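In the order they appear, the protein sequences are chains A and B.
If you read the first sequence in numbering that gives the first Met the number 0, its first letter stands for residue 0, the second for the next number, and so on.
If you read the second sequence in numbering that gives the first Met the number 0, its first letter stands for residue 0, the second for the next number, and so on.
For the record, the hints were derived by calculation from the structure and aren't laboratory data.
Just so you know, these numbers come straight off a predicted model, no measurement behind them.
Treat the hints with care, as some may be off.
One-sided and incomplete, this derived list gives chain B residues near chain A with beta-carbon spacing under 8 Å [stated by the list, open to error]:
(1) L33
(2) A37
(3) A121
(4) F156
(5) D161
(6) K237
(7) M279
Even glycine gets a Cβ: it sits at the ideal position worked out from N, Cα and C.
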Amino acid sequence: MQSSPNSKPTTLIIRTIAAWSVALLLFFPLLFLAVTAFKTEGQAIAVPSLWVFTPTLENFVEVQARSNYLHYVWNSVVTSVVSTILGLLIAAPAAYSMAFSPTKRTKDILMWMLSTKMMPAVGALAPIYVMAKTAGLLDTKFSLIVVFTMSNLPIMVWMLYSHFKDIPHEILEASRMDGAGLWDEFRYVLLPLGMGGLASTGLLCLVLAWNEAFWALNLGSANAGTLATLVASYSSPEGLFWAKLSAASLMAIAPIIVFGWFSQKQLVQGLTFGAVK
Amino acid sequence: MTPTHVVSPSDKAELQSQRKRAALLFLVPMLAALVLVAAYPLFRSIYFSFTDTSLTNLYGGQWVGFDNYLSWRTLPSGRTIYRGTLVDQAWWNAVWNTVRFAVVSVSLEAFFGMMVALVLNAEFKGRGLVRAAILIPWAIPTIVSAKMWSWMLNDQFGIVNDVLMKLGIISQKIAWTANVDTAMLAVLIVDIWKTTPFMALLCLAGLQMIPKDVYEASKIDGVHPVKVFFKITLPLVKPALMVAIIFRMLDALRIFDLIYVLTPNSSSTKTMSIISRENMIEFDKFAYGSAQSTLLFTFIALFVILYIWLGRVDLSGDSK
Chain A
0 MQSSPNSKPT TLIIRTIAAW SVALLLFFPL LFLAVTAFKT EGQAIAVPSL WVFTPTLENF
60 VEVQARSNYL HYVWNSVVTS VVSTILGLLI AAPAAYSMAF SPTKRTKDIL MWMLSTKMMP
120 AVGALAPIYV MAKTAGLLDT KFSLIVVFTM SNLPIMVWML YSHFKDIPHE ILEASRMDGA
180 GLWDEFRYVL LPLGMGGLAS TGLLCLVLAW NEAFWALNLG SANAGTLATL VASYSSPEGL
240 FWAKLSAASL MAIAPIIVFG WFSQKQLVQG LTFGAVK
Chain B
0 MTPTHVVSPS DKAELQSQRK RAALLFLVPM LAALVLVAAY PLFRSIYFSF TDTSLTNLYG
60 GQWVGFDNYL SWRTLPSGRT IYRGTLVDQA WWNAVWNTVR FAVVSVSLEA FFGMMVALVL
120 NAEFKGRGLV RAAILIPWAI PTIVSAKMWS WMLNDQFGIV NDVLMKLGII SQKIAWTANV
180 DTAMLAVLIV DIWKTTPFMA LLCLAGLQMI PKDVYEASKI DGVHPVKVFF KITLPLVKPA
240 LMVAIIFRML DALRIFDLIY VLTPNSSSTK TMSIISRENM IEFDKFAYGS AQSTLLFTFI
300 ALFVILYIWL GRVDLSGDSK
C-alpha cells in the first residue's frame, strides 16, 4: 500500500498493472467515444463493436457544416475566460479581506456563500430569466458571463480564502512595518505568494464554466450558445446519430482535455480547496 | 522580524484604520454580486411559492399563503380533503429517489475514491500519465458523459449489454435506462464513474500529506497493514474527505442534468430538482414548482447544519 524506496520488482509490476487497469476502466468510455467519432453511422451501431475499420473524417465535416463549430468554440472560450477573470477580480479582494482582516462576521459570510449552493438552479431560473429578459440580455454572452461568474463565486472565494490563510501573517506584518502601502503589499507579497492559489482557482473555474450546461441551455441559444449547447442539439432517439454525436462531443471536450493535460498539477491542487497540500 | 525603521504610534493607528476600511471595501463587490444574482432569485423564488403565480403571468400572482404546501377543506359530508406538495405522492417519491441517490452515490464514490487513491499513491510506472487520464471523466461536461453512456447502455446497440452477454452475466438484453428497475442503477453507474476520480484525487492529496516515517515506524513495529489503514491513514485523511463529501452531497441532492439526459421519464429516477422543474415549466404549475424547490432548499440547509454539527466539520479550515 505504501511506497518505500526498496520495493521488490514484482510488487512494482503488480502495482503498475493494478493502477493501469483502474485508469483504463475509467478511461474506457472516452476511448470508445473517440473511436466512434471516426466511424460511419452504420459502423457505429454494429454489435459487437468494431475496433478495426477504416477511419473517416466525414462526421467532423458534417458537424462543422451543420452547425458552425468555431462559433460555439468562440462563445465557450469568451464566456469561460471572461467569467473566470471577472470572478478572480471580485473574489481575490474579498478573500484577502476575510483572510487577513477577519471579523466576527467572516464565518457567517462563508456559510452564507455556501447556502447559495443549496438552492436548486431551477429555483433561480425564472427570476434570472426575467432579469435577463427585462435587461434585453437574453441569448447574449454577457448574461452567460454574469451567471457563470456568480455561480462560481462562492467556490472561488472559498478556495482563495484557504490559500491566503496559509500565507504567514508575519510576512505581511513585516512588509507593513517597512511601510508598505496596500498596493505594495498586494504587488510584492500577496501576488507572488498567492500565485499558486490564484492559478489553481482560476483553472478550476475555467473548467467549471466550460462544462456549464444548465444556464447555457436556458439563457443562450443560437447567438450565445456554448459547446454544451452544441452537444445538446445532437439528440435522436432513433440511434442513427451516434457517430456524429461522438464527433461533436469529441470536438467539444478536446480543448478542455488538452488544456487540462498541461495544467493538471494546479488543477488537482485547486480541487483540494487548498485544504491539503 | 525586526522593523527597519520606527513608525510612530499615531501613524500606525492611522494605517490600521485605513486597512480596516480597505478590508471592508474589498468585501463590497462580492457581497453586492451575491445579493444581486444569488440572494435575490432565492427570495424571489421563495416568495413565488406563497403565491399563485403562473409562468405566463409572472407579476400577477396573488398571495395564497401556504396553499402550495398544504391546504385542507372540510366537505359538508365531514370528509377533509388535503391538497398541496406535502400530500403529493409524486413529491414524496422524488424525495425518496433523491435521498437514495445521494446517499448511495456519495458513499460509493467516497469508498471507490479511497481505493483508487491508495492504488495511485503507490509507486508505479507512468504515474503522472495515469493520474491525468483519470481526471478526464470529471473534466468533461455532464451532458457529454450522459449522452455517451445513454448510448453505451442502449438496449439494442449498446456495448454494455454486448459485453455482459458475452461474459454470461446476463441472459437477455436489458433496457437499462427505460426499465423502472434498472434506471436508478444506470444513473448511479454514470455518476460514480464521473465523480470517483474527483474523490480519488482529493483522497490522494490527503494521502500524500501523511509523512512517510509514520508508515516506516508502524512497519518496524509490525503493525498489520489493515490496522495501519484504519488507525493512521483514515484519521489523517478524514478532514479532507469530510469537506469533499459535503460539497459532493450538495451537488448530489440537487442532481439535475445527468438524469434529465439519461432517464428523463422514469418515475424511479425523478428527483426533487427534476420534479420541481417539471411542475414549473412543463405542467404550468409555476408556484407549485417553486414551493418544491423551496422545500429542497430547506431540506439541504437542514442537512448541512446537521452534518456540520454532528461531524464537527470546520469548513473554513481553522482547526488546522
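Verification of the supplied hints:
1. L33: holds (6 Å)
2. A37: holds (4 Å)
3. A121: holds (5 Å)
4. F156: holds (4 Å)
5. D161: holds (5 Å)
6. K237: violated (11 Å)
7. M279: At 7 Å from the nearest chain A Cβ, M279 (chain B) passes the 8 Å test, so the hint holds.
Violated hints amount to a single one, hint 6; each of the other numbered hints is respected by the structure.
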